[in-house]
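**Q** Residue strings, one per chain:
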Amino acid sequence: MINFKDRVPTQPNRRKITPESGSPYYVTIEYADNPSESGTALNKVLFNDIQKQLLIGDNCVTVFNVDGSITQTYGTLYIMTTTFPSSTQVIEQIKQQSNNVVIGTKTTTFNANGSISEVIS
Amino acid sequence: MVAWVQPIIDRTQSDVVSKTTKGFINNSDLNRINEDISYLKSVLWDQGYYSTVDAKTNWIMSDFPTKLLMDKCIQNINNLINCFTVISTTPTLPLDFENMTYDKLNALEQNLLDIYTLQNNMQQTYNYCGDCIMGG
Numbered sequence: 102m103i104n105f106k107d108r109v110p111t112q113p114n115r116r117k118i119t120p121e122s123g124s125p126y127y128v129t130i131e132y133a134d135n136p137s138e139s140g141t142a143l144n145k146v147l148f149n150d151i152q153k154q155l156l157i158g159d160n161c162v163t164v165f166n167v168d169g170s171i172t173q174t175y176g177t178l179y180i181m182t183t184t185f186p187s188s189t190q191v192i193e194q195i196k197q198q199s200n201n202v203v204i205g206t207k208t209t210t211f212n213a214n215g216s217i218s219e220v221i222s
Numbered sequence: 359m360v361a362w363v364q365p366i367i368d369r370t371q372s373d374v375v376s377k378t379t380k381g382f383i384n385n386s387d388l389n390r391i392n393e394d395i396s397y398l399k400s401v402l403w404d405q406g407y408y409s410t411v412d413a414k415t416n417w418i419m420s421d422f423p424t425k426l427l428m429d430k431c432i433q434n435i436n437n438l439i440n441c442f443t444v445i446s447t448t449p450t451l452p453l454d455f456e457n458m459t460y461d462k463l464n465a466l467e468q469n470l471l472d473i474y475t476l477q478n479n480m481q482q483t484y485n486y487c488g489d490c491i492m493g494g
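Taken in sequence, the protein lines are chains A and B. According to this note's numbering, the residues represented by the first sequence are 102 to 222, in order. According to this note's numbering, the residues represented by the second sequence are 359 to 494, in order.
These are calculated hints, taken from the structure and not from any lab test. Beta carbons: idealized from backbone N, C-alpha and C, even for Gly. Misleading hints may appear alongside valid ones.
[Claimed, not checked] Derived EDC-like pairs: lysine to aspartate or glutamate, alpha-carbon spacing no greater than 16 Å straight-line: (1) A/Lys106 x B/Asp404; (2) A/Lys207 x B/Asp412; (3) B/Lys462 x B/Asp387; (4) B/Lys377 x B/Asp387; (5) B/Lys380 x B/Asp461; (6) A/Lys145 x B/Asp404; (7) B/Lys414 x A/Glu219.
[What the hints assert, rightly or not] To spell it out: a stretch of chain B is covered by chain A in this simulated footprint if at least three of its residues, at any positions, have a beta carbon under 8 Å from a beta carbon of chain A; those stretches are: (8) 406-418; (9) 480-486.
If we strip away everything but chain A, and leave its shape as in the complex, we get (with noise of 0.2 Å):
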């Protein structure tokens, strides 16, 4: 699995021409075609989505538990159970199949005045 990171750049878009006689000079390349579609960036989030659905697809296997708890097994790689302490929270916890670490975590809770409030650690 790879964890693809974009490339934050302090000047966006500068690029170095060196002429092949001559000196080096920079200058900043922008987009200027007008498109009628803007089109899919090619990005962190979109290839993180194309290998989540490589790697998991729709190979999910859903067990309804006696305690109440329900865990889901995504193909090889990843095991989400979710509890529910009380009757206002939620809590999905997903693990690693490979060594059991948990990688994320999230509770909802129902609050009382009819809103709803989600933390991810």
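Model the placement of chain B on the given structure of chain A, informed by the hints.
**A** Only chain B this time, still in chain A's reference frame:
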């Protein structure tokens, strides 16, 4: 999504001495800072940078700035930095609002401005489907 509001990063000692609006921290300042935190969380989230941010954007004059709320503000900015990046010239984020000074508050908002600028830079350099050839 809340709108980006230009941070204030040019407070001076004379603002404090002369008691100009920039020499104080009012509810409008806290709302601007927290709205910018919320904005950055949203735009970064859309780019695949996920952070936990709980920003209070509805400060009113009678609200009391408790240590818990003010620490949360700093923590929110730290969370944004940790999920994305800042640059070598970005000033150190104040640890808390205790003994806040004009230059520390400038530094706090400079962190937000740098994240904003960098994520804008990043988006400007994206290539798009149809532009690239494998290995090219």
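**Q** Enumerate the violated hints, using their earlier numbering and listing them in ascending order.
**A** none
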